[in-house]
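Q: Sequence:
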Amino acid sequence: MLRKQIIGILVNKNSGETRADLAVKHNLSLIFFTPEDIDWQRRTVTGLYRTRYGLHYKKVALPSVIYNRLYPHNSEIIERLTAMRPPAWVFNQVTLFDKWTIYKHLSQTDLNQYLPRTYEYDMAVLHEALLHHDRIVIKPRMGRQGAGLWRLSAKPNGQLLIEHELPLPITLPYSDAIINLLHILIVPYAMIIQEYIDLAAVSNAPFDIRALVQKNGAGHWQVTAVTSRVAENNQYITNIYQQILLTEQLLRENNYPAEQILTQVEELSIKTAEVLEQALGHLGEICVDIGLDQNNKPWIIEVNGKPDKQIYEELNNPELINRVHLTPLEYAHYLNTQKRHF
1 MLRKQIIGIL VNKNSGETRA DLAVKHNLSL IFFTPEDIDW QRRTVTGLYR
51 TRYGLHYKKV ALPSVIYNRL YPHNSEIIER LTAMRPPAWV FNQVTLFDKW
101 TIYKHLSQTD LNQYLPRTYE YDMAVLHEAL LHHDRIVIKP RMGRQGAGLW
151 RLSAKPNGQL LIEHELPLPI TLPYSDAIIN LLHILIVPYA MIIQEYIDLA
201 AVSNAPFDIR ALVQKNGAGH WQVTAVTSRV AENNQYITNI YQQILLTEQL
251 LRENNYPAEQ ILTQVEELSI KTAEVLEQAL GHLGEICVDI GLDQNNKPWI
301 IEVNGKPDKQ IYEELNNPEL INRVHLTPLE YAHYLNTQKR HF
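Sequence positions in the sequence shown follow the working numbering and run 1 to 342.
None of these hints come from the bench; they were simulated from the model. Please note that a few of the clues may not be correct.
Taking CB as the label site, the calculated pair distances span [as the list claims (entries may be wrong)]:
1. N234 / G148: 15 to 23 Å
2. L246 / L131: 34 to 42 Å
3. V187 / D39: 22 to 30 Å
4. L172 / L320: 42 to 50 Å
5. R80 / E266: 43 to 51 Å
6. E128 / Q41: 50 to 58 Å
7. M142 / E36: 18 to 26 Å
8. K58 / E253: 16 to 24 Å
9. L131 / N234: 25 to 33 Å
10. N180 / N295: 15 to 23 Å
11. Y53 / R80: 29 to 37 Å
12. A61 / M142: 18 to 26 Å
Glycine included, every Cβ here is placed at the ideal spot set by N, Cα and C.
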């Protein structure tokens with residue numbers, strides 16, 4: 001049983017988030033608050049305070065440890081909290097990751113061999129990428145959960161297959177005029193170009209591997225959950241999926257080398273978390289999306305700074321769901337017990 005304490009949860013909208021009941025069971029007290037709930041002069045917050053009797057508004061001293069759930073993150077608020085004397089220890093300081101920034105940080109390490117070739121988008125680079133890769137994906141640098149994504153496939157006969165948010169793909173002659181038109185359609189957003197990885201599949205449906213990496217009650221990175229989304233039929237991205245299940249189950253049921261793949265996934269995911277924390281600031285959890293190619297090589301497709309925990313509700317696995325939500329709170333408890341040593 002953990003010693004009772006107050007952990008701050010910084011949120012966009014104060015609803016007392018679900019799973020706060022876990023904190024009560026482990027003798028932890030949570031207070032949910034927004035940036036507007038902070039009284040900077042008095043160093044207090046007025047927020048939703050969770051006890052065994054439910055949620056109620058309460059004013060408390062600004063917590064020493066704050067679990068940032070703002071999305072997108074508010075750099076000004078984070079900087080102000082961490083600049084106080086003594087500072088508040090805020091983890092998940094960055095929650096909205098820039099895919100190009102993430103690629104640059106990871107590509108400077110030995111993780112580079114597991115990264116699809118990625119380019120910062122402009123029209124000249126689009127031409128270059130299509131010369132070097134048969135298929136590429138163009139995606140927004142920031143968020144959007146799969147929206148705004150394009151896949152371009154250069155065919156040997158000089159045709160260009162274009163797939164976007166359309167019922168059917170379009171095939172057009174590869175020409176400067178077509179590239180110019182695409183550029184006009186793409187340019188409203190900051191984008192990246194990524195080499196397309198032909199994902200491994202089950203029953204002709206591609207699947208991905210999502211590793212939830214969190215710091216635990218000992219302050220160490222761990223992989224808490226590894227799940228897979230199986231894409232809908234005729235879809236090439238897994239954001240639109242027909243099924244989500246534990247990756248181990250999927251691999252074993254479909255005769256993939258499960259132990260080897262899961263070991264690689266764990267090693268790559270923890271290394272990714274370590275590199276990004278060094279580059280971006282104090283983190284407590286990230287989500288690493290990995291794709292297997294046709295030779296079972298893992299590729300780091302994307303990294304998310306605010307994991308979507310709702311997907312775990314679909315697994316009907318209460319133990320895993322509780323662990324996913326409780327682990328960051330155990331890490332916050334660890335920080336509270338260690339804060340005088342930081």
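Q: If a hint holds in the structure, say so; if it doesn't, say that too.
A: Now for the hints, and whether the structure bears them out:
no.: 1; hint: N234 / G148: 15 to 23 Å; verdict: holds, 20 Å
no.: 2; hint: L246 / L131: 34 to 42 Å; verdict: holds, 40 Å
no.: 3; hint: V187 / D39: 22 to 30 Å; verdict: violated, 44 Å
no.: 4; hint: L172 / L320: 42 to 50 Å; verdict: holds, 46 Å
no.: 5; hint: R80 / E266: 43 to 51 Å; verdict: violated, 36 Å
no.: 6; hint: E128 / Q41: 50 to 58 Å; verdict: holds, 54 Å
no.: 7; hint: M142 / E36: 18 to 26 Å; verdict: holds, 24 Å
no.: 8; hint: K58 / E253: 16 to 24 Å; verdict: violated, 49 Å
no.: 9; hint: L131 / N234: 25 to 33 Å; verdict: holds, 28 Å
no.: 10; hint: N180 / N295: 15 to 23 Å; verdict: violated, 37 Å
no.: 11; hint: Y53 / R80: 29 to 37 Å; verdict: holds, 33 Å
no.: 12; hint: A61 / M142: 18 to 26 Å; verdict: violated, 35 Å
In terms of the numbered hints stated before, the structure departs from hints 3, 5, 8, 10, 12, listed from lowest to highest.
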